[in-house]
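2 protein chains.
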Amino acid sequence: MRIAVDAMGSDNYPSPDVEGAVQAARMYSDEILLVGDRETVETELKKHDILGLKITIVHASEIVEMTDKPSVVGKTKPDSSMHIGMNLVKDGEAQAFVTAGNTGAALTIAMLYTLHRIPAVKRPALSSIIRVHGNYVTMVDIGANTDSKPEWMVQFALMGDIYARKALKLERPRVALLSNGEEKGKGNQAIQETYEILQAYTHLNFVGNIEPKDILNGKGDVVVSDGFIGNITVKSFEAFGSALSGLIRSELKRDPISAMGGLLARRAFARVSRQIDPFEIGGAPLLGVNGVVIIGHGRSNAQAIRNAINQARLAVSGDIVQSIRDDLIVSR
Amino acid sequence: MRIAVDAMGSDNYPSPDVEGAVQAARMYSDEILLVGDRETVETELKKHDILGLKITIVHASEIVEMTDKPSVVGKTKPDSSMHIGMNLVKDGEAQAFVTAGNTGAALTIAMLYTLHRIPAVKRPALSSIIRVHGNYVTMVDIGANTDSKPEWMVQFALMGDIYARKALKLERPRVALLSNGEEKGKGNQAIQETYEILQAYTHLNFVGNIEPKDILNGKGDVVVSDGFIGNITVKSFEAFGSALSGLIRSELKRDPISAMGGLLARRAFARVSRQIDPFEIGGAPLLGVNGVVIIGHGRSNAQAIRNAINQARLAVSGDIVQSIRDDLIVSR
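Chains as they are written, first to last, in our numbering: chain C, 643 to 974; chain F, 643 to 974.
A hint or two may mislead.
Unchecked claim - Using 25 Å as the maximum straight-line C-alpha spacing, the simulated PhoX-like pairs for lysine-lysine come out as follows: (1) 895(C) x 895(F); (2) 711(C) x 826(F); (3) 826(C) x 717(F).
In short, the hints are calculated from the structure, not lab data.
All chains, please: the whole structure from these sequences, using the hints.
See the structure below:
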């Protein structure tokens, strides 16, 4: 397998991006195409022992910055590492592209400038994979679309199901619809209509509405939502986790006995951190375009990049793009 | 001041409801009307020393259960404690009604059967007050309306501002719009339109969009959203808080040194709990009906009920209902 990796993607590029790619090349023996400014990447690669690893640099003269506007960067920087990396996938030179860069830009460049959407797909959708009690939950859409129509959300469900089956190897994923209550009829108009279609017209293992708490209790394998609502939910999880962790840290310092307790409990806290660390998954696919694109967090470290490359491997070996092309029609 | 309290509201009624009312009567010297089944409430009151307190029982022969459907209970149980309590407010016998009962039922009974909406108000909205670094943030709407139109959300902003100024005594509340990014243009169509109106046509101290993390960082005093989106956000905060706390508790038990650390850090954990305890606020107003109605959580304990009664006192002394009647017109 040959995977293209954006060397200029993460907030701290190229260091985590290159190191993660080197780790992946060693761990999985796959071929890695590092896309970015040749000189910069060469300098970075020299810090690592890459003897025997299949790593090639593909030059890209431009860089998409986090501050670049997604709506214009597709046009203004046609030689960015994102463009070139995705075109490698389009031309069959690579089987997947992994980036920790500007998410909005990645969506635009994928959908409008390089890979384009699969014809049967109304709207490509961004997924997020979260770990819940050791299992993976695929949330889709978490940010590519707002004001999603029911027929788009039904496709998010179908694509999420394909990803969970083919890449994550779940036998019969429980597909749930994100809402503010379990009962049928909860949620806004679009959710109520999506519920009807999912229940009556698809072959999915549709388990009904799911509340935020039951996402975290593992009651669904694929959680479907409008991109704005999914985004707010994921951001609310992150925000509360970060606020609560900060509060615990500061309160542990406020009296000496608690501080001692905090030190003794370090191993427990480390186990907690590992279990909620988004970098353990590294990235998640943009579903519905003509190629595997895995998008990671801007703050990604090397381990996150390596894990995102592994998500790319799973998506490629599961042949999710072809499955989406073949299986996305809902018969009504 | 005379405040009506639903004695049959909370999940464990009447015990927390009655005890909280007794505490409030003692603490604030206000008159409390306990609304519920006379015999049940009398039996419960006998467990407390109420000598010198101004507590009167108002009999209600029916009880709204948590399992009752909001859409029908308004009609099927006209003698519920909710109906009778709200009618006491309507008739001027009490200045406010406090309930920890079925939220959906309380909304329906208030809006359609007893107090009704204030004529200038398009849609009454449910607020939630959260404590952030010792300050209060008013979120509105968190569940009364879905698919909110921009003009409704503008009114949520105006009502939230009135509440924050008059009841919470903030001088010039920062009003923010819940979205998935700070920049203007983020969010769905309704949010983008609401942004325009709030910025151009209101006198509010509008500070733009706010992300979930910045709610918790205290960057807004009033956070405006559609009720479905506000509900999902609040539920996501609660869900992640609960999941993370559970994970920490179980990991602390998994090795003996961490367990010892957890014991030593008990005081820090207690301080953390107090700071994120929703019962410290107790309840929040339904804004836009002809009377003060404070709705608390079903799981309320006595302290939560007492604090909800205090929220009612603040709303009454701030005269928020008259302010909403007077000040809700947006001139465009």
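Hint check:
Only pairs whose Cα atoms come within 25 Å are accepted, and residue 895(C) paired with residue 895(F) is accepted, the gap being roughly 21 Å. Annotation: proposed proximity of residue 711(C) to residue 826(F) holds, straight-line Cα distance about 13 Å (limit 25 Å). Distance check on the hinted pair: residue 826(C) and residue 717(F) sit about 22 Å apart at the alpha-carbon level, within 25 Å; holds.
Hint compliance for this structure: every hint is met.
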